[in-house]
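According to mature numbering (1 follows the signal peptide of the UniProt record, and there is no 0), the stretch in the sequence shown is residues -48 to -1, 1 to 274, in order.
There could be a bad hint or two in this list.
[Stated by the list, open to error] Distance condition first, Cα-Cα at most 35 Å in a straight line; then the derived DSBU-like pairs of lysine-lysine:
id, residue 1, residue 2
1, LYS97, LYS146
2, LYS146, LYS212
3, LYS154, LYS97
4, LYS252, LYS212
5, LYS146, LYS156
6, LYS156, LYS212
7, LYS156, LYS97
8, LYS27, LYS239
9, LYS239, LYS262
10, LYS7, LYS253
11, LYS262, LYS252
12, LYS27, LYS156
13, LYS119, LYS212
14, LYS156, LYS119
15, LYS160, LYS123
16, LYS160, LYS146
17, LYS21, LYS253
18, LYS253, LYS181
19, LYS154, LYS123
20, LYS21, LYS46
21, LYS226, LYS27
22, LYS262, LYS212
23, LYS123, LYS239
24, LYS160, LYS46
25, LYS7, LYS27
Please keep in mind that the hints were generated in silico from the structure rather than gathered at the bench. It should be emphasised that the depicted structure is a prediction, and the values quoted were computed from it without experimental measurement.
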Amino acid sequence: MNKALGNPSQASSLNYHFRKTKKGNDMHSKLIASAALLGLMMTTSVFAQEAAVPKQTVNDALRARLPEKIRTDGKMISVNNGSFPPYEIVTGTKLTGASADLTDAIGQMLGVTIEHESVNGLSALLAGINSGRYQFAFGPIGDFKSREEANDFVDWVQEYVVFSVQKGNPKAITSLESACGNRIAVMAGGSAEKVIQAQVEKCKTDGKSAPEVQSYTDQPSSILAVRSKRADAFFSSQAPLTYFVSQANGQLELSGVGQKNGFEDLYQGAVVPKGSPLGPVLLDSIKALMDNGAYAAIMKKWGLENNMIKQPGINLGGALPK
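Could you build all of it, start to finish, from the sequences and the hints given here?
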């Protein structure tokens, strides 16, 4: 792919650049998880059906609102913390998924190249954004009031949190209450981890055995823990879990669907530094993709119709009543 940007109208809007972050014994688990993910990717076409995604032309008004350094460099870097299918699917040096398609369209619209880098975990992702190493993370990442203290969220999807369990649900995990005494995998630093940690205390208060919380830095490792029976359930966002279950050759199923499971309305989106002028530009770019049909085409391509949001916004999660 062409990394340099001359005329904005000639921009190849995605350039993939990843860096390794795992070390030592953790690298072993990462390799196992990567192998599992590679097997899942063999049938990615189940979700990514061919769909006509409109090619974008440069919107000069939006481009003019980009920070001057981004316009001068002709690029910006979006950071991710590994595969989050079907939004972000990292295989080797390639990124696919709904988020990749959407950032491709945004890059075309803004006339810049959008590069992608992977880091290890949400904490590293947020630190990289706030240090200025990366301009943004397209995510989607959960928007909560506590996170809005240091960052702004450009919300473009709604999400639900459920359980992925072994086929037949042998431990009968259907809710937070039934998680007591079971081994629950979660993403380290994520909102689901906070909810399940709160459930640990509730189980103790109710005189029940506390869940054993297993925190992983990426989705493949978490789902592998359930498939290998090291965990009884993976508590996470419904969209990626639906994807993983569909690829698991009948070994897994979803549980706890249609319930709040400790969450009210859950908005997810892109993350920028607090007060960054890039936030409103991304917001209006997403609105433009909604208006011209590209957003719907991409979301439907990846089986995400139920996660589409009617109107994107900035810091929608923090505005929710608590």
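Okay, the hints, checked on the actual structure:
Pair hint LYS97 plus LYS146 holds up; C-alpha atoms about 14 Å apart against a cutoff of 35 Å. For the suggested pair LYS146 and LYS212, the alpha carbons sit about 15 Å apart, so the restraint of at most 35 Å is met. For the suggested pair LYS154 and LYS97, the alpha carbons sit about 23 Å apart, so the restraint of at most 35 Å is met. Taking the CA atoms of LYS252 and LYS212, the gap is about 24 Å. The hint holds against a cut of 35 Å.
Only pairs whose Cα atoms come within 35 Å are accepted, and LYS146 paired with LYS156 is accepted, the gap being roughly 16 Å. For the proposed pair LYS156 and LYS212, the alpha carbon gap of about 21 Å is at most 35 Å, so the pair holds. For the given pair, LYS156 sits about 27 Å from LYS97 by alpha-carbon distance, which is consistent with the 35 Å threshold. In summary, the hint linking LYS27 to LYS239 is supported, as the alpha carbons are separated by about 21 Å, within the 35 Å threshold.
Distance restraint check for LYS239 and LYS262: the Cα-Cα separation of roughly 10 Å lies within the 35 Å cut-off, and the hinted pair is therefore satisfied. At most 35 Å may separate the alpha-carbon atoms for a hinted pair to count; LYS7 and LYS253 meet this at roughly 15 Å. Between the alpha carbons of LYS262 and LYS252 the distance comes to roughly 14 Å, so the proposed pair stays at or under 35 Å and holds. Between LYS27 and LYS156 the alpha-carbon distance is near 51 Å, which puts this suggested pair outside the 35 Å criterion.
The hinted pair formed by LYS119 and LYS212 meets the criterion: a straight-line CA distance of about 22 Å does not exceed 35 Å. Pair hint LYS156 plus LYS119 holds up; C-alpha atoms about 28 Å apart against a cutoff of 35 Å. A C-alpha spacing of about 15 Å is found between LYS160 and LYS123, which places the hinted pair at or below 35 Å, so the restraint holds. For the hint pairing LYS160 with LYS146, the CA-to-CA distance comes to about 19 Å; that is within 35 Å, so the pair holds.
Between LYS21 and LYS253, the direct Cα distance comes to roughly 34 Å. Compliance with the 35 Å bound is thereby established for this hinted pair. A C-alpha spacing of about 32 Å is found between LYS253 and LYS181, which places the hinted pair at or below 35 Å, so the restraint holds. Restraint check: the Cα-Cα separation between LYS154 and LYS123 comes to about 19 Å, which is no more than 35 Å; the hinted pair holds. Annotation: proposed proximity of LYS21 to LYS46 holds, straight-line Cα distance about 26 Å (limit 35 Å).
Restraint check: the Cα-Cα separation between LYS226 and LYS27 comes to about 20 Å, which is no more than 35 Å; the hinted pair holds. Pair hint LYS262 plus LYS212 holds up; C-alpha atoms about 20 Å apart against a cutoff of 35 Å. Between LYS123 and LYS239 the CA atoms are separated by roughly 44 Å; this puts the pair beyond 35 Å, and the hint is violated. At roughly 45 Å between alpha-carbon atoms, LYS160 and LYS46 are farther apart than 35 Å, so this suggested pair is violated.
With a CA separation close to 19 Å, the supplied pair LYS7 and LYS27 stays within the 35 Å bound.
The structure fails to meet hints 12, 23, 24 from the earlier list, while all remaining hints are met.
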